[in-house]
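Each chain, written out:
Protein chains: 2
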Amino acid sequence: MAVKTISKSVKLQNFKVNDPFWKNEMELVRKEVIPYQWEILNDRVKEAAPSFCMRNFKIAGKLMKEKKELGAAFEEPKYTFRGFEALPEDMNNLEDKFYGFVFQDSDFSKWIEAVAYSLANNPDAELEKIADEAIDIVCAAQQENGYLDTYYIINGMDKIFTNLRDHHELYCFGHLAEGAVAYYEATGKDKLLKAVMRFADFIDNYFGADEEKCKGYPGHEIAEMALVRLYEVTNDEKYLNLSKFFLDERGKKPYYFSEIEKHDNWTNHHYHQSHEPVREQKEAVGHAVRAVYLYSGMTDMARITGDEKMWEACKNLWKSATRDKMYVTGGIGGTHMGEAFSYPFDLPNDTAYAETCASIGLMFWAKRMLEVEAKGEYADVMEQALYNTVLAGMALDGKSFFYVNPLEVLPEACHRDERKFHVKPVRQKWFGCACCPPNLARLISSLPAYAYTENEDTLFAHLYVGGNIVKDVNGKKAEFEITSEYPWNGNVSFKYVGEDNVNMKLAVRIPGWADEWYLTSSRDDANEKTHSDEIDGYVYVEGVWSKGDVVELTTPLKTRILSADSRVRENVGKVAIMRGPVVYCMEENDNSKDLHLYKLCTEEEIKNCNVMIEGKQFPALLAKGKKERNVEGDLLYNNYQKAEYDDVDITLIPYYAWANRGENEMSVWIRV
Amino acid sequence: MAVKTISKSVKLQNFKVNDPFWKNEMELVRKEVIPYQWEILNDRVKEAAPSFCMRNFKIAGKLMKEKKELGAAFEEPKYTFRGFEALPEDMNNLEDKFYGFVFQDSDFSKWIEAVAYSLANNPDAELEKIADEAIDIVCAAQQENGYLDTYYIINGMDKIFTNLRDHHELYCFGHLAEGAVAYYEATGKDKLLKAVMRFADFIDNYFGADEEKCKGYPGHEIAEMALVRLYEVTNDEKYLNLSKFFLDERGKKPYYFSEIEKHDNWTNHHYHQSHEPVREQKEAVGHAVRAVYLYSGMTDMARITGDEKMWEACKNLWKSATRDKMYVTGGIGGTHMGEAFSYPFDLPNDTAYAETCASIGLMFWAKRMLEVEAKGEYADVMEQALYNTVLAGMALDGKSFFYVNPLEVLPEACHRDERKFHVKPVRQKWFGCACCPPNLARLISSLPAYAYTENEDTLFAHLYVGGNIVKDVNGKKAEFEITSEYPWNGNVSFKYVGEDNVNMKLAVRIPGWADEWYLTSSRDDANEKTHSDEIDGYVYVEGVWSKGDVVELTTPLKTRILSADSRVRENVGKVAIMRGPVVYCMEENDNSKDLHLYKLCTEEEIKNCNVMIEGKQFPALLAKGKKERNVEGDLLYNNYQKAEYDDVDITLIPYYAWANRGENEMSVWIRV
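Respectively, the protein sequence lines represent chains G and P. This note's numbering puts the first residue of the first sequence at 91, with every later residue one more than the last. This note's numbering puts the first residue of the second sequence at 91, with every later residue one more than the last.
Any given hint could turn out to be false.
To be verified - DSS-like mimics (lysine-lysine), calculated; alpha carbons at most 25 Å apart, straight line:
| hint | chain 1 | residue 1 | chain 2 | residue 2 |
| --- | --- | --- | --- | --- |
| 1 | G | K732 | P | K716 |
| 2 | G | K716 | P | K732 |
| 3 | G | K714 | P | K732 |
| 4 | G | K219 | G | K303 |
By construction, these hints were calculated from the structure, which means they are not laboratory data.
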């Protein structure tokens, strides 16, 4: 098979969301998250750690009334990972210097990207005005030479690109490019895009294969895929080549981070995926977000350049990440040490990292894999990540967030066991390091781009997001009205409402988890359409379409009891419950404490029921089980006696809805 | 019950070990560990991290040919915990300064203490000569004013006692005092004892309740019990009062470490057990070694001063440590974060810390509890720690050591999972921070002091160590010949071989784990001896003793299957196997990989067998079990199917003998 683009995301403007499930989530992002985030960016939220993001841009752009000479002292930040906040001692007496993490600029970039998607879905003049003004502030900070990173503009331009490993300049650039392209595509306004192109030109002058140029590459990947996106909107091959340069340099010897930058502290090349050339990488390793951002960029590059070795590496890494190292919730990153992939099958439930951003990145990657190869397994993983870990990242009211998504929680452990301090039993307001909430905002508001991709004559439906989609087919306007009650109901209908007599294909994904499915299309004969068999997880409905044609997919949503590969030690003797794409979990609230003493009766029917959460009826499940009686004798260890059990009902709620009713125990895996 | 001394350890000189099991271990210490350690102390072992210990004493005592002015620069050590070695860059070009950990002096002190016990058991003129010369070197470093800690002597005396939290001066003093008292008791030589008394006097002048004195206390406890020991050998109440002062200050507000020393980094008062006054402490918390050293000192103080509140605290802490926070192997310290106690019932098997030194400290404490109250549970715990975690600390050849004693090991996890980097799948040669090996040496060579305690007319047998013991009873020489094949055989005989017609009591411990036991004494009637019932785990045989009297205790060593309190989440649905005091484990060597797939058939008989380890037949167990068939399908998660099993034999070896045949999986807990 030749490696090439087989489809690309549909444009957001061509999709009008009308989905009972997702409309709500997208409205939460539009009405709660985006406005709140803007307040955060401007340090106007009292209970949250200040961002300093817009303040840094203003200082860099000399828009603040100066109190002190700028950049008086170059202060090396006390750089640590999540949780560190470089807070000034006295918030009422700030100096005109850079505050916050070195990557604070990216807060703006993620926000503007989410704003762009939101505007594409929901034009909003007021929001657009705020965004334009924000862009003015950001652009004011840009230097004559095109450079645009406030940390170094404020602290001293002589130090730029001297710590690629830790200082995130190329990461900030990548996010800025993503945001600029999105804003341009949504609004047609190119001020930020042009600024980013100038910054990219500056970077291209600095880095490259020519002898005199720097041979570095990003310490935190994202620029790779952002440059491809910049290339695809500008058609300027310079950007594609720069991305390829960054990919090709990675893992070359001498190692850039340890041997060229010569950090005096330890460099873990696996952490940065710089341990070997990317085409030779087979195992997903290191910081999980970095990893999937890199793999996304690699997949883009393989698709555009037809690089078969690169594609082979992408497939190997996909297998490693999703076949050996993924939680049933679509979470990745088994260890909080480095927020990283652990060794194969090491998927602890209670100390999991499974960062929200990592699952978002996994969706980025899955979509890119689908753009090269329409294979259901990529969409299955994308769906699994979306409906579980990604959704769990945000509270039902859109006001608090999980960075870490454990599969088992005992609140006491989170409070008292340092090994689990990264695991929070309830969602947090907003961290100083704001990666997950804005990432969630940009993902959810651009969801149609993940659900649907297209080429000249084919529309691919990967996820069943309801709404109206229009598509140009040889100058004719095709249109489908898609109706879905996913994930609670397995019926999806695609009603053709476009111009008559359009010759095209509709590729409908059949979920990998569906052991039973039915696809029907009315008026087939009249319109000479054919159904393919299931090919790699897709059924292709092909022919001439006219108004009123309906394709219906039915996947009965049966409750499934799953067990893990026996090499996953944590889950031996345990099962997890799914219904459709949704993973369920036990919460103490609906059951009782000591969830580890519950056993599921696998032979009894699991019934549907409802549970009230946040004033809303939630589709839940009711299973029959047994609870082991507590043995709490005089001694810690006693002569073994066969356990005694009480019959119990086990209530299971969707995993993504957990922790919306205060602190309590939770467990996805249940003993059998 | 009045709190007072009810018995004290027998003198090592009064016990001649003749025990098939322990003789071997003690000989390993005498012939392997002590000589090797002396080479280590003198930096003559190429493959081990240099100690610099004797070198520091020589520099402090100006016994080294000077190359540079001493103490030219006061260098704050880059202080971290275990694993950090303050190695010079060029070992062939050392300067005349302090090298190693701040607590490096204590390497000598632990060595001299082990030497003392060894000499008490086995007079050895050559070893004594080496020891005397070492003492000369150490004493040469002592300052005019009595101060004796090479770190500050070399780096600048103006800084002494300025960082009690981290710099271990009082810890080093405590170890020096323990060593000095032991050496005096073994040899009658008082040079080191007198030096320590001068150092203690210096400390007593510096610290105390008087207004002008410093109100600090040790950051790492041990001085508390060492000062009691110094008091008991000198009868100088000053030392007892200083110990009491240190205990009383602990936990007082303002907090010394955070509020007086004002460290700019975070102080975790629980880590140092300085979070509340000792008499109010109820839960065993913080660094486990520090904790049990403190609790040992508290128990000494309660015993000597009759302080009932202190005794109450000791009993509460004992309950917390052993009822809620102890591994079945007698290990303590559920988390490697701070090498510390975790919250109650948090006893993870694979990430356990369970430091060898902590279990040794638990034995120190248990013996002290027994000196106040003859209660079997203290001896049970002492025995459980000794035969399992403590013994596991040393390889069967005495040449390598475990600091951390996990209950479940997968070698790949130790190599690839940072959360388990503290867990080693095989014993290590010798660390830069040499706490466990020398602690093992001093414990094992003084074992009779733990096995037997006495008062005027009673000999208590807590552990069944074979040998001859003599005891003065009102001027008469009582003597017992004790024969034991513990831990492999449950018969112990106490044959009276002393002067005739001695009126005394023999208190024989009945193990808590023995559900069946028989105690007989021959010629009872003739000698008018009475047997008490079992009182708190002891049977008192009382009366007039004459040559030939024999008391025999038989405790049939049945294999026991144990389960944990159901609040220990890690062990739900699992069992551990013990026989007598010995915990057994599965090793991959005798079984196969994937030990997590094994299940024990609890209804089948568990038979005795033998396994060859290190060229020796080891008593092992053979159980019937089942092994779950591997399910390694195309997907990581598959529809649940009832597991299939193959019948297997499960071989179990004593836990302490694991990891003597290379890297392999190990597990104490087995599913049922």
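Given the hint that K714 of chain G pairs with K732 of chain P, test it: the Cα-Cα distance must not exceed 25 Å. Holds - the C-alpha atoms of K732 of chain P and K714 of chain G are around 17 Å apart, at most 25 Å.
Within 25 Å, alpha carbon to alpha carbon, are K732 of chain G and K716 of chain P? Given pair K732 of chain G, K716 of chain P holds - Cα atoms ~17 Å apart, limit 25 Å.
Are the Cα atoms of K716 of chain G and K732 of chain P separated by 25 Å or less? Roughly 17 Å separates the two Cα atoms, so the pair holds.
Agreement of K219 of chain G and K303 of chain G with the hint, judged by alpha carbon distance not exceeding 25 Å: 40 Å, violated
When each numbered hint is compared with the structure, a violation occurs for hint 4 only.
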